[in-house]
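K.L.:
Required output: the full structure, derived from the provided sequences and hints.
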Amino acid sequence: MSGTRGRAVKTVTLKALLTPGALAHLDAGAAFQFCADPACEVVYFSAQQTYATTDLKGPVFQKAPESVVPVCYCFGHTRAEVRHAAETGSGETLLETITGHIQAGRCGCEVNNPQGSCCLGNVRAVLRSASHLASPAP
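With mature numbering (1 follows the signal peptide of the UniProt record, and there is no 0) as the guide, the letters of the sequence shown map in order to residues -24 to -1, 1 to 114.
Hint data in this document are derived by calculation from the structure and do not stem from the laboratory. A few of these clues could be false.
[Stated by the list, open to error] Okay, derived cross-link-like pairs now, DSS-like style, lysine-lysine, Cα gap no bigger than 25 Å in a straight line:
id, residue 1, residue 2
1, Lys(-10), Lys33
2, Lys(-15), Lys39
3, Lys33, Lys(-15)
4, Lys39, Lys(-10)
P.N.:
In structure tokens, the structure reads:
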């Protein structure tokens, strides 16, 4: 583990996203945290257990830089799609679309997103980063 302080994540997130082999060893009563450090292979950890990227059914946004990795797991918006939205000036529209789904009660962040919480912060970060990269230097 990298020593990075983790964020608490509910057991339901692990139950939904761990591979069957990893799930078979889950201590469901333990308090798990999510590690967002991209340099660390550990995704979830408790005082007694750790789960690495290989223990999950899919990629983790914070740990996989590929363009096909979801930023928004509930509605399937990939890093490439979010960057494209920033580059074409439709980032706000994308945020409004995701926010509309959230307000309509359609998101399932606890069981879809490895961090166990809403993706909007990640979407905004990718939009900012892509907008910054696309802007010409003064």
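K.L.:
Could you run down the list of hints and mark each one as holding or not?
P.N.:
Each hint, compared with the structure:
1. Of the supplied pair hints, the one linking lysine -10 and lysine 33 holds, its CA atoms being roughly 11 Å apart against a limit of 25 Å.
2. For the hint pairing lysine -15 with lysine 39, the CA-to-CA distance comes to about 20 Å; that is within 25 Å, so the pair holds.
3. Distance check on the hinted pair: lysine 33 and lysine -15 sit about 17 Å apart at the alpha-carbon level, within 25 Å; holds.
4. At roughly 20 Å between alpha-carbon atoms, lysine 39 and lysine -10 fall within 25 Å of each other, so this suggested pair holds.
The structure fails none of the hints (numbered hints given earlier).
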